[in-house]
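Q: So you can see what is in the structure, the chains are spelled out below.
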Amino acid sequence: MEAVLSYIIFFPLFTTLFMGFFRVGLRTLRIGAMLSSLLVFLLVLLVAAYFDPDGGMQFIRVLPWIEHYGITYKLGVDGISLVLLLLIAFLMPLLYLYMWTEERKGYWYNMMLLQTGVTGAVLSLDLLLFYLFWETMLLPIFIMIGRYGSGMRQFNAMKIVLMTVLGSMSMFFSILYLGYEFFAVNGWWSFALSDLSTLELDPRTSIWLAGGFLLAFAIKIPLVGFHTWMAPAYGSAPTPAVVIMSAIMAKLGIYGLWRFGYGLFETTLSYYAPWVMTLAIIGLLYYAIHAIMEPSLRRMFAYSSGSHLSMIALGVFLTNIYAWGGSLYFIATHALASAGIFLMIGLLYKRTRSDNIDDLGGIASYAPRFTFFFVFFALSIAGLPGTGGFVAELLIIIGAFKEEFWIGVLTATTMLSAMLYIFWMLQRTVFGPETVATEYFEDLNAREMAMLIPIVALLLITGIVPSLFIPLFEPQIAAMLADLLHSIGGL
Amino acid sequence: MLDQLLLILPMAITVIGAFFLMLLSWNKRFTLKDYNLVAVFFLSLSFILELPQLWNTEVIYIFPEVFGKMYVIDNFSTLFDLMFTAGAILTLLINTDYFKSRNYFNGEYFALILFSVFGMMTLAHSNELVTAFIALEIASLSVYALAGYHKSNRLSSEAMLKYMILGSMTGAFFILGTALIYGAVGSTTLGDIAAFIKGSGDSETLLVITGGTFIMVTILFKIGAVPFHSWVVDVYHGAPFPVTMFMASTFKIALFAIALRLYLVDFAPINAIWSELLQVITVLTLIGGSWLAITQDNLKRMLAGSSIVHSGYMLIAISSIGLGSQEAAPAIMFYLMSYFLSSVGAFGILSFIASRSQKSLTFEDFKGFAQRRPYLAAMMAIFMLSLSGFPSTIGFLGKFYIFTSAIESGQILLAGLGILTAFISVYYYFKLIAMMYFYPTNESQKRFPMDLSGVLIGLMAVLVIWGGIGTGLIPFIPGVDGFIDIAKQAVLSLQ
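Chains as they are written, first to last, in our numbering: chain A, 1 to 491; chain B, 1001 to 1495.
If you're looking for bench data, these hints aren't it; they were derived computationally from the structure.
A few of these clues could be false.
Said to hold, decoys possible - With a straight-line Cα cutoff of 27 Å, these simulated DSS-like cross-link-like pairs (lysine-lysine) come out: (1) B:K1446 <-> A:K105; (2) A:K159 <-> B:K1367; (3) A:K105 <-> B:K1367; (4) B:K1100 <-> B:K1446.
What the hints assert, rightly or not - Derived Cβ-Cβ restraints for the label pairs, each shown as a range: (5) A:G106 <-> B:N1103: 35 to 43 Å; (6) B:I1412 <-> A:T278: 51 to 59 Å; (7) B:V1455 <-> A:T228: 29 to 37 Å; (8) A:D483 <-> B:L1206: 54 to 62 Å.
Note that the structure is a prediction, hence the values are computed from the model and not measured.
C-beta: ideal position from N, C-alpha, C; glycine also.
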């Protein structure tokens, strides 16, 4: 039982190695990938079942790795990482279902490696182990965009790698410095989060160290100003990679803020709060305006995703329980909704070979089932009451109003602007007159329905009965928040 | 007497092998393959005889009644010897096909390789400046000749001339420095110099410092630090492939052997004096090397440029030693091992390709390589990742140790610059990966070459990964810790 997290991380990797070694055929490969992802999902459910909401960090596993520098292989799961863990494990089988007809083997291998990378980053509690996963999860994305993407794929792949590596290098520097400070104070090396968080740094150092981490996360999220990789990468990447990028990797940036930002720099992160909040609010509006103007569906939802992630980032820096709870809840529900909508765009692209809004129209009259799902996911992105996104956005907006009236007002505009671009987009794509591209539009088949229904169901459940999920992580963020407010000295 | 002879047997074998090959090459009956086998045989014999020494922690002076403390055998030199012989064996074996594909190789080539290995081994063992100089010249002269081995090729001859003229000139600095030090100390043994420095005041050590600076110039030239770098790219480009590989991986390590020994033993009490100078040179080397590497189209030239950057990383650690970092010296040793593995692998693949075609190996030539040769492309990608310091490869840990030691010694800005150049290096290394994987080709897939060079390159790739993530939990197989432990033990034997 104590090794279960390791199994969850490395099972896809071993499946990849095993199948790659024996050079299995396509059929075996995809069945193997599917089975491995289902097995991982079961294991994750098992973890969730045994998870104790009040227990803090659980399933901790520590093994020595580089003993000389006190670097350990340390894993653990708490309320926040459990949400992300569940998400990854839930989405992976659905993505495989989406790619079922995909015949390029490298595609499958890369997806499995990607799962190992993102899961590892969520579960690592040692900074260097985290860094290892954080960097390596970039490689499959690099290959996916550059090899299987569209448009200026080579250029865009290079761009995302260079920008993200710039961020992670700055984080790497901060990690090294922290490690050394710990050594200087205690006389022994450690890179474990729980050890490093006990360090008392002087405020100046602490501020620039926090900056190193923040840059990495800001690029990953991305906040406005660090976002130039986003639209090209989303535009060029193949659908499964886009889903992972928007549903998981961007969220890992937020997760990093929580786990490492607040974990290590409890008191000094608030130094950056005005900056991040300003950027986030600018991002909310800027991305939304971009989304309204964007003619390509995939890029439009890239910007929409940026807008919502800015909102989540804002929520993380508004230190009250509504905003924090809302942010964490929004991580999950937005991941589901954006996974859904990007899958729909992928399906649309397969049928029409275009994701340009001007080429589309009149899908509703040919494909009622497609239309239903498309409209549902689009509306849940916009925060349709009854879906999880609504609950989450509402919580963040309440939190924002509690903080400051004007922040609340500006935050609330996301809901309005999202309504604007979503409805306008729907009007031009699924309704209206048909075009050359949408003639004889095939409706969804059983496999595609099977892939979408679980997401719809989960979005509805999270929207109607949030009380099922919130207790899972609420005690922990309440405790973290109390701790934080205590240490920055105010309530 | 006998046990002392046994100890120097590994070095003796290489030089005997070199003479043997010279004699052999009179006779025209033997083929290149024979020469290669003989050379590898002698080198392997030396390697195997030396290997048990790795567990020997004593410091032994050879024939002290005759040579004094000129020639030392310690763990440090043993580790370097093993790297030299292993490097030479690998360059010979991996390039088997290359030798066949070019008509200008003959028996003397292998003799020269063995001579230069002998020179490098002596360099690692020398505990005295004149011995070090002679050893350095033995190694250098052989490498000059090797660089110009393709006599009819204009580039190769240019490389040889450029390297030899500049190299000999800077070699003179070494001997000048030695003379100055002898003038002040009255001895050229490292221990005596260190004792003299400890026992005397600032005004008396002035000559020693000047002499040390001159010696440093020679070493900086040979490792290609900016501003002594102007030869690197042209020489690496002009020299035949196996020679470039030998220079980049093996010969460079030899220079760090002597640099470390000088710095850690000889000038230990005053090495802080040079740290500012070294810092300036490091900054120039990192930036200049990155610039050289970015702007190249040809892969050999790119790797030459990036080898300057790698020297820069190690220079960071050298000045950390001067500023009192305990971790810096093992960090350099580890970095040398990691650079050795990755660069031998990368050059090996290049030479593999070059032996089957007459391409000049620009980035463009690699388009679609992953489709033609998926396994080789994957290995090349692994080596590139390791060179760029991507986590989960040995190159990452090498950088980790170097930068940690830099922070430990308070050189925070230098560590930051190092990380920045590591970021820049991601660009030029990933460019190759992008070329290999992101462009389609019409050529059909070829089978993995299950010959010796293919297997050896594969082994290097596995080692690169294992050195980056290997766990110590598996009995009898050293994990990540094992590598750094070996390096630490070697450095300890110096004190």
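Q: Has the hinted range 29 to 37 Å been met by the Cβ atoms of V1455 of chain B and T228 of chain A?
A: Once the Cβ atoms are compared, 44 Å apart, the range 29 to 37 Å for T228 of chain A and V1455 of chain B is violated.
Q: Is 51 to 59 Å right for how far apart the beta carbons of I1412 of chain B and T278 of chain A are?
A: The hinted range 51 to 59 Å is violated for I1412 of chain B and T278 of chain A, with Cβ atoms some 29 Å apart.
Q: D483 of chain A and L1206 of chain B, beta-carbon distance inside 54 to 62 Å?
A: holds, 60 Å
Q: Confirm or reject the claim that G106 of chain A and N1103 of chain B have a C-beta distance inside 35 to 43 Å.
A: holds, 40 Å
Q: Within 27 Å, alpha carbon to alpha carbon, are K1446 of chain B and K105 of chain A?
A: OK: K1446 of chain B and K105 of chain A at ~17 Å, within 27 Å.
Q: With the threshold set at 27 Å, check whether the alpha-carbon distance from K105 of chain A to K1367 of chain B stays at or below it.
A: holds, 20 Å
Q: Hint check: K1100 of chain B vs K1446 of chain B, CA-CA at most 27 Å. Holds or violated?
A: holds, 20 Å
Q: Check the hint pairing K159 of chain A with K1367 of chain B against an upper bound of 27 Å on the C-alpha distance.
A: Given that 27 Å is the threshold and the Cα spacing comes to 19 Å, the pair holds.
The structure fails hints 6 and 7 (numbered hints given earlier, in ascending order).
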